[in-house]
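J.: Residue numbers (the working numbering), protein chains in the order written: chain A, 1 to 442; chain B, 1 to 442; chain C, 1 to 442; chain D, 1 to 442.
In short, the hints are calculated from the structure, not lab data. Just so you know, these numbers come straight off a predicted model, no measurement behind them. Heads up, some of the hints might be wrong.
[Claimed, not checked] In silico SDA-like links for lysine to any residue, alpha-carbon gap of 25 angstroms or less:
| id | chain 1 | residue 1 | chain 2 | residue 2 |
| --- | --- | --- | --- | --- |
| 1 | A | K380 | C | S90 |
| 2 | D | K380 | B | A40 |
| 3 | B | K380 | D | D51 |
[Unchecked claim] What the simulated footprint calls covered on chain D by chain A, stretch by stretch (three residues with Cβ under 8 angstroms from a Cβ of chain A suffice, anywhere in the stretch; the number is not a length):
| id | stretch |
| --- | --- |
| 4 | 154 to 164 |
| 5 | 254 to 265 |
| 6 | 273 to 280 |
| 7 | 352 to 365 |
| 8 | 378 to 386 |
[Claimed, not checked] Listing some non-contacts, in silico: residues in chain C with all C-beta distances to chain A over 12 angstroms:
| id | residue |
| --- | --- |
| 9 | D26 |
| 10 | R37 |
| 11 | R41 |
| 12 | T98 |
| 13 | H137 |
| 14 | E141 |
| 15 | T246 |
| 16 | D347 |
| 17 | A356 |
| 18 | G394 |
| 19 | R396 |
| 20 | E405 |
| 21 | E424 |
Glycine included, every Cβ here is placed at the ideal spot set by N, Cα and C.
Number of protein chains: 4
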Amino acid sequence: MSQRLLESLTTTEPLAEVFSDGAFLDAMLRFERALARAEARNGIITSSAADAIARAAAPEAFDPASIARDATRSGTVTIPLVQRLIERVSAIDPAAATYVHWGATSQDVTDTALVLCLQRAHAILVANHERLTKALHRLSEQYASAPMLGRTLMQPAPPTTFGLKAAGWFGAVSRSGEQMTSAFKAACVLQFGGASGTLAALGSHGRKVSDDLARELGLPNPEAPWHAHRDRLATLVTSCGIYTGTLGKIARDITLLMQQEVAEAAEPGGGSSTMPHKRNPAGCAIALAAATRVPGLVAAFLAGMPQEHERGVGGHHAEAATTADIVQGTGAALAAVAGAIEGLRVDPVRMLHNIAANSEVFAERAMMLLAPVLGREAAKRVIAQALETARRDGRRFVDVLSEDESVTSAIDLAQLSTLDRPDEYLGSAEEFRRRLIGGDRQ
Amino acid sequence: MSQRLLESLTTTEPLAEVFSDGAFLDAMLRFERALARAEARNGIITSSAADAIARAAAPEAFDPASIARDATRSGTVTIPLVQRLIERVSAIDPAAATYVHWGATSQDVTDTALVLCLQRAHAILVANHERLTKALHRLSEQYASAPMLGRTLMQPAPPTTFGLKAAGWFGAVSRSGEQMTSAFKAACVLQFGGASGTLAALGSHGRKVSDDLARELGLPNPEAPWHAHRDRLATLVTSCGIYTGTLGKIARDITLLMQQEVAEAAEPGGGSSTMPHKRNPAGCAIALAAATRVPGLVAAFLAGMPQEHERGVGGHHAEAATTADIVQGTGAALAAVAGAIEGLRVDPVRMLHNIAANSEVFAERAMMLLAPVLGREAAKRVIAQALETARRDGRRFVDVLSEDESVTSAIDLAQLSTLDRPDEYLGSAEEFRRRLIGGDRQ
Amino acid sequence: MSQRLLESLTTTEPLAEVFSDGAFLDAMLRFERALARAEARNGIITSSAADAIARAAAPEAFDPASIARDATRSGTVTIPLVQRLIERVSAIDPAAATYVHWGATSQDVTDTALVLCLQRAHAILVANHERLTKALHRLSEQYASAPMLGRTLMQPAPPTTFGLKAAGWFGAVSRSGEQMTSAFKAACVLQFGGASGTLAALGSHGRKVSDDLARELGLPNPEAPWHAHRDRLATLVTSCGIYTGTLGKIARDITLLMQQEVAEAAEPGGGSSTMPHKRNPAGCAIALAAATRVPGLVAAFLAGMPQEHERGVGGHHAEAATTADIVQGTGAALAAVAGAIEGLRVDPVRMLHNIAANSEVFAERAMMLLAPVLGREAAKRVIAQALETARRDGRRFVDVLSEDESVTSAIDLAQLSTLDRPDEYLGSAEEFRRRLIGGDRQ
Amino acid sequence: MSQRLLESLTTTEPLAEVFSDGAFLDAMLRFERALARAEARNGIITSSAADAIARAAAPEAFDPASIARDATRSGTVTIPLVQRLIERVSAIDPAAATYVHWGATSQDVTDTALVLCLQRAHAILVANHERLTKALHRLSEQYASAPMLGRTLMQPAPPTTFGLKAAGWFGAVSRSGEQMTSAFKAACVLQFGGASGTLAALGSHGRKVSDDLARELGLPNPEAPWHAHRDRLATLVTSCGIYTGTLGKIARDITLLMQQEVAEAAEPGGGSSTMPHKRNPAGCAIALAAATRVPGLVAAFLAGMPQEHERGVGGHHAEAATTADIVQGTGAALAAVAGAIEGLRVDPVRMLHNIAANSEVFAERAMMLLAPVLGREAAKRVIAQALETARRDGRRFVDVLSEDESVTSAIDLAQLSTLDRPDEYLGSAEEFRRRLIGGDRQ
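Looking at chain A on its own, in the form it has when it is part of the complex (with noise of 0.2 angstroms):
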């Protein structure tokens, strides 16, 4: 099983398998299988009622596209699996089949399975998080002291260095990941309420079975039932938006940092369909396009959440798809990114090129020593000359500066010589580097 070509850049072979048919079907039918022992056990059905309907709920016995077209008519899912579970178990077991799916809720199964697999889906995210943490903090260490260029609203700024820029990416990332584990943690939690959310149908049984229920299945057992209540899959959901909003701000400065005019650094990338000399960032690609389309797909669920009393009609009904699209777009995004960083060429020689190409960059640094002794307007005028000066010309702005006689009895010589040295101008730059990806967070 594997993505299918129209969503092929949106989610990974990993995680398209994870929310598959089979998947799924696997997980709904974990749920019937271990509800049903969970009942056993507390003397609600028999055991023998348990092993049938275990022997019956064979995910491979099972036609998924039959039960997706029935689905349709019913709204959900889990009747024609249910119908098709008590066909099976009769088969096997006619006294059995009386207590397929006993006290639950078609939401009750759809909801847990769901969970399931947001649980297997997290541990794959969790895995390339990690992979992507290590390779920003090689990349940050690596470069700590190599300058270059500030860029602001994509003009040239003042420098910066590489290993400050990756430590910016670490430190989203880092965040990011945290929020990301402690929401999947959060939801990942059993759905067990009956047809109202009260469990009625097991009388003062309730909160036993259920608590055996969500051991069986591996899963916290949270307070009560959450049918109408789905503010822990929003925590999740947006704790993905803002994880690919993260990786999306990584991948937009790889392109920028790729392009031909600029090459200070490359993903390992891929190449066209027409164009032999063609090298395309094709990881930051899919990042991109994922911190394009989830944050539409995050407002979905949210407009979803005002579900009517004890389960919605509508708002509720397409979460499952939605989740699936968020979290794999993530997974398509952090799986990129991983790639990108861990393959990224980086050249410091280009970067002090291009900062030497832009040497204007330190006129801020040319006010800063001139405005105190010449007054800000004073400064301001020279300043603005030698930079038109310097553009016309095409000369370097510190040698144009230093013609001007007023600068040169306003800041002595070593300093003017020096004005352009980024390596100067770098202020608090590896400070902020190092508690970036220093402490605890690595």
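Fit chains B, C and D to the supplied structure of chain A, relying on the hints for placement.
T.: Chains B, C and D in isolation, oriented as in the chain A frame:
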């Protein structure tokens, strides 16, 4: 090929087929075959090459899963597809392999293939649109003079007719459908621009080849390629978004009418996995799910429009999946609402009963009669008091009102006795109804 | 300063004030004054300069309208603000003018000013959150044992209690509020990085000055500037989005309960401009409006996260307006729902009446009793027939069921006679309720 | 009245005025005055009442802030407005007070007032649309034959012309503008239906009064009221969303071209608060901010479409604010891009330089020439090797290629020597350009 379990409520079987791997693969290969033919006709490549390509490009010979997997590396499904096609052509006629995908770029293939799928999807949407408008028209005619409570902010208001309500649905559906069809027609055009959108590889033959290619595929040829200008597709997806909103409105109305406490109309619906008595508005659930999900997907599409230069990075890459999701969501809602309307059971007696049980809604009418005689403030006081008494004692509003001397001196008894007859307080309802369903719209 | 007409339902008066021109201007000038003081303390600028700046930076001396107008040209409100501040400082002490905004960048001012406004907004949100949780807790306790119909897909289902329903609201509100508060705390931190985020203009004093600046403003100083990493703000706005969804769920439930045909609960609400009898759920309308609007705004924020390099172009520029809209929308919903819950009139007698009128909902209970004796299929048939007869003849389901011999031979009469007593079919409702409202959450 | 500080980049001054308190109040009172006149003309109310209402309904006599405040309680601004209007009319002519707002409902006033504001907004949008199309047309003509690098996935591709790029912008702007205008025209119609949308209070005079009312206000009268059918407004806001996406695409291209490392075009832009050398793409920032923000707002509108019965609760209540935000965002982007294009500085020499520095982009052309002679695989190998050598040694691709004997035996030297002349590899660029800007679109 059917819809998947997790997405079973967000598509229909025929639409899932239209966007399936088989169908999309087929559309991509149609492009490659048609391109070869068009180029052979213009002497760009040999006829024998075109023949070899046509023979090699048989959908069943390609494995969508492996293409999807490789697409992750290249950022497009076209590259692995073309690679496999070249291998197959080479086996037939090595010289012909040179001319596979000649002069085209990856996006030419994926965009045009998407357009071919959209054309097929449109036919399905139109068929359901016609079912729906027909059923709504009939419904409006049948219940033209069936009074029912108006309800504003979900509170009882003066009466309307079910005929007008259905005509309102009809009007919105008609407008939405017209807009959808014109959007699909405008968007379903050939994409063919080559590497940079200039068809440079075809020298001076670009236009001629592209005209022939368009003819082969049965698509209009637009004035120029549209690689980075996605407004036509945006119009298509927003038209779907609007139609889905319209369908959601109808579905919401039906779910409200179908409440047991209201019981004025009901769709055929589906059952419950645990409650034998249940009849759920399953069709409305599907439509409202789409109305919850599609707006976010539309936002995702629009957010991706600012695409870089001649082919975007990211914004473009999620489009196909998002577009397919939107169209399928709309189609699922359309099929569900068409079914709900065709099978709608309407209870005009219950409608009358609900009006009678809320005769307070005629307080507005009383106001219209009393205010000109008593003055606004006095009329307001008299009516407020009658409302309070009627509520407290559980009596009919008009009966209480009739006991007030200032009232009986202002309105004659004949008028008073018919004050809460719904058919006498329908204003322009029938005129509006006829204008909505009549004329050129039908 | 009040909310505007077109936005009157999307904010509250206190929140409109927090994000008003006066408040934002004040916050920006607080930054400039505090910066000057922190720099004077560290010997970067003179004390007299800091004094002059403090005197000049009086909010009432600035015209927000003209600053807003000029912002269109510069892409930021900071530039026209600083320009005017320099002019005012020059008039007081020309030498001091040099040191206005020293070492800071535009975004330092706007981000920190936004954070200061968000802190104030948070206090307002928290006050309403506390009103709401208190009112919900009281409501749940008061109606702990008041049975009411469960409703799933808007159809009657076995009973729950109004106490549990209110406890479900309470649980979701509590979780949403905790998350919101921790998100605000994490996001409300100083922004101070200078031109490229390195504080280069402050040489080696960057960290010391930023610590003092943070202290002056009463804000934590994060590990590094966050100019291009917006995940903390994203967490803040998504927490608002989730809380709004939770409030929308409560509002939707109330609008449904408040329908005249249901009449189980009602918020204080508002009147109509033309219908004297009307009582509209005006508070719920505001909350549901927010639940409709905020998800899209959240998507807008997330879509803007992939910001270029050290300061984005575009993605960043809509953030402040979007964030203010989201927080105000959440606050409007919160105030409205707090008011609706505090003033909620509940009718437990009507709740019992509605259960009695829908006694079919106990068919599930009948199934639980009959199936073990008769077998699933036989039980299903018997119940289906009884349901049909009860519906057709408008009789009580249990009465019809009791006439079936296979039933009376399977269930003893005592059980049958209480089959549709709601208080005997509530399962774990009270246990769930206590777990939701009890313990450390309250 | 100007835009507010926090929203200064999300609107323009003229559009902020159109949706200001004063303007909206004025539009609401225009409705009330016109309604009174239309009813007087039809003998529904007296002429003297209409006169009194006209005199009392003077906008300057109303306090928007207090109306906005009271709206929170009633869920609409109409109720407090009408209340104040009644008081004012009473003071002039007590009898006339009875006839204020006669037969109308709150939504009639707010919807029609919004429509009146939208009409004014449309005129502003159109004026900027015309500026923009004119400037784009001129730009395309001026640089019709200026070759520049194509760029796909932000990597160099075979050349296009700046004329074609501008024509692509022109085409999308033209289509978007046409669509916007037709959407505004269809949506800007009278809303007048009374309490339940039947105009019951006007008896048989409904249509006649509404025709006169429409004429008074200069609005078309649609076939029926549209209280709960919002598709026309939805089409208006989605047309704005699409246009904003188109503007975002142009802005993104300009920000990329304006990078110092590319330097092929620059908008006038704005400065920096701390960096004297900076020229920021301030106009593009505004447009890209809108392209980030508006899609989410469009989703918010669409998500609100499923409105309950004759007047929705919630879905309807956020519409006016959302619509005003969308239109202002579009207008801000339109004004900004019009300014950017009118003031665009283009550097065709630099464009040629950037092509020369990336002569590898002609590898496709080499492939087209070599593959028919050498076969696809052999040609691919030769070209790949030449690309590698050219990159490694920093040489011109064609020079390296010319050293390969298999190449020189396949292509004659004349062809080889012009292989990387951009004007010889433009294919249909000029034809596409003329088709895009020419004809009836201009």
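J.: Taking the earlier hints as the rules, which of them does this structure contradict?
T.: 12, 15 and 21
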